[in-house]
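Participant: Please construct the entire structure, taking both the sequences and the accompanying hints into account.
Here the protein sequences come in this chain order: X and U. The first sequence begins at 1 in our numbering and counts up one residue at a time. The second sequence begins at 178 in our numbering and counts up one residue at a time.
These aren't lab readings, by the way, just hints derived from the structure by calculation. Every value quoted in this text rests on a predicted model; they were computed, and no experiment measured them. Careful: at least some of the hints might be erroneous.
[Said to hold, decoys possible] As a list, the in silico EDC-like pairs of lysine to aspartate or glutamate whose alpha-carbon atoms are at most 20 Å apart:
| no. | chain 1 | residue 1 | chain 2 | residue 2 |
| --- | --- | --- | --- | --- |
| 1 | X | Lys88 | U | Asp257 |
| 2 | X | Lys88 | U | Glu274 |
| 3 | X | Lys137 | X | Glu25 |
| 4 | X | Lys10 | U | Glu181 |
| 5 | U | Lys261 | X | Asp109 |
| 6 | U | Lys259 | X | Asp102 |
| 7 | U | Lys259 | X | Asp109 |
| 8 | X | Lys137 | X | Asp17 |
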Amino acid sequence: MRYAMAVDTKKCVGCSDCVVACQTENNVPIGYCRDWVVEITDGTYPQLEIELRSERCNQCDNSPCVRCCPTGASHYSDGGIVLVTANKCIGCGACIQSCPYDARYSHPDGHVDKCTFCIHRIKKGLEPACVSACPTKCMYFGDLDNPKSPVSEILKVRKYKTLIPEAGTDPQLYFLI
Amino acid sequence: MREEIIVSGRNNYLIDPHLHIWHWQIPLYLFLGGMAAGILFFAAYFTLRGKEDKYHAATKIAPHIVPILLVIGLFALLLDLKHKLYFWRLYTTIRLESPMSWGAWVLMLVTPLSFIWSAIHIKEIFPKWDWKFDILKDIEAFLTKQKKAIAWVMGISSIILGVYTGILFSAFNARPLWNTSILGPLFLASGLSAGAAVIMLFSKKHKERNMFAKIDIGIIVVELFLIIHMFMGFLASTQVQINAAELFLGGPWTAPFWIFVVILGMIVPVILEVLELKKFKIPVVIPAGLVLFGSLMLRFLIASAGQERRWLY
Numbered sequence: 001m002r003y004a005m006a007v008d009t010k011k012c013v014g015c016s017d018c019v020v021a022c023q024t025e026n027n028v029p030i031g032y033c034r035d036w037v038v039e040i041t042d043g044t045y046p047q048l049e050i051e052l053r054s055e056r057c058n059q060c061d062n063s064p065c066v067r068c069c070p071t072g073a074s075h076y077s078d079g080g081i082v083l084v085t086a087n088k089c090i091g092c093g094a095c096i097q098s099c100p101y102d103a104r105y106s107h108p109d110g111h112v113d114k115c116t117f118c119i120h121r122i123k124k125g126l127e128p129a130c131v132s133a134c135p136t137k138c139m140y141f142g143d144l145d146n147p148k149s150p151v152s153e154i155l156k157v158r159k160y161k162t163l164i165p166e167a168g169t170d171p172q173l174y175f176l177i
Numbered sequence: 178m179r180e181e182i183i184v185s186g187r188n189n190y191l192i193d194p195h196l197h198i199w200h201w202q203i204p205l206y207l208f209l210g211g212m213a214a215g216i217l218f219f220a221a222y223f224t225l226r227g228k229e230d231k232y233h234a235a236t237k238i239a240p241h242i243v244p245i246l247l248v249i250g251l252f253a254l255l256l257d258l259k260h261k262l263y264f265w266r267l268y269t270t271i272r273l274e275s276p277m278s279w280g281a282w283v284l285m286l287v288t289p290l291s292f293i294w295s296a297i298h299i300k301e302i303f304p305k306w307d308w309k310f311d312i313l314k315d316i317e318a319f320l321t322k323q324k325k326a327i328a329w330v331m332g333i334s335s336i337i338l339g340v341y342t343g344i345l346f347s348a349f350n351a352r353p354l355w356n357t358s359i360l361g362p363l364f365l366a367s368g369l370s371a372g373a374a375v376i377m378l379f380s381k382k383h384k385e386r387n388m389f390a391k392i393d394i395g396i397i398v399v400e401l402f403l404i405i406h407m408f409m410g411f412l413a414s415t416q417v418q419i420n421a422a423e424l425f426l427g428g429p430w431t432a433p434f435w436i437f438v439v440i441l442g443m444i445v446p447v448i449l450e451v452l453e454l455k456k457f458k459i460p461v462v463i464p465a466g467l468v469l470f471g472s473l474m475l476r477f478l479i480a481s482a483g484q485e486r487r488w489l490y
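Facilitator: Structure below.
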């Protein structure tokens, strides 16, 4: 089993519903976020091209954050999802330093927090909150080992990229281009 | 033209607009830990060579400050933790892939050893010291007999401690300025140099001071060589590492790095130590103080500048 997500940069309109859905679902403290939307504008007016990306933890297969954690609080869970056990985390910040995507933050309670792919919803057979809230249905989630899952189906037919593959982290958040 | 903005807004405390999760605590600890490693290494080395009396300050006097340095350093580390009450979790597991886990365990070994070393040499500082209880006297007698074995463990673990202070940074692929394996030997050399400087401060014998001045000159030459290699490596690497190196080669950190670390912390003390060896009268506190200052600045500048650069995407 290998959970992954694909985000269609052609369908995303940058409304940030995914961000609010995550904050609400996961009780993210005010002022923080586990996911965010990046807008990249290339060119000069009137020849402009925009790419919109809903970004979050890449749930890497080769996670530097899991490697550098001195207590084992950061670990791989079912389907390769990278999780933090709050009562094992000492808040040393090593994983925050190690993440090339800056996807982790220090929770006001002291431990480190990050996207969990809404593992509590997946276990109930639901989609992650961001995916289910997206009004343009631009996100696809599922198990890459299952060829029938939405994410496998879309990656078969569309061109995609991952972020900084050269960092060697083997990210599992795909961007359809 | 390219413009990149986070349209949903993102202002995670300590992460945005740029990373600043590690403050003064980590570089201060790295400085104290490196200096402690340097002092312990020289103490162990000269004890094992059987030159305890010749290098009296190095083996019997200077090591007394190591427990103090380590305790302050450990306290700084504790202050850095955001989930402080869980610090003991470090000692419920051994994680070979995590430099911080190595560091925690090495400190668990080095700190008690430094206390033991101080205890068996306490009479050098307080000649009338009395352990009061017989059992303590017996323990001291036993440990004094095992001094060579203790020196071996202390010498090796102090090298691991010294290298680890650099590896802690260099293991982060996400921070291009830190991601160079040169940092391990560079921080070890800087720690040994700081250790030699402390020993010079404590030494009352001219011969011993001269010996450590020579050692210090050698180590600083190695440091300069490592720094040049570090920048050569960066400039021959990818764009992210070129950008990182430019922080010190024309960027905002250029003046502090080259003035405080390289000129004041390395070149000036080497010149003063050479003059001292040529029989000029130079107060030892000047070169030693400058070496310690340079060593501290090296940690602070690398720690702060390293958090300013990341991968581009």
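Participant: Now, for every hint given, state plainly whether the structure supports it.
Facilitator: Hint check:
no. : hint                : verdict
1   : X:Lys88 / U:Asp257  : holds (16 Å)
2   : X:Lys88 / U:Glu274  : holds (17 Å)
3   : X:Lys137 / X:Glu25  : holds (18 Å)
4   : X:Lys10 / U:Glu181  : holds (17 Å)
5   : U:Lys261 / X:Asp109 : holds (11 Å)
6   : U:Lys259 / X:Asp102 : holds (18 Å)
7   : U:Lys259 / X:Asp109 : holds (8 Å)
8   : X:Lys137 / X:Asp17  : holds (11 Å)
The structure meets every hint from the earlier list without exception.
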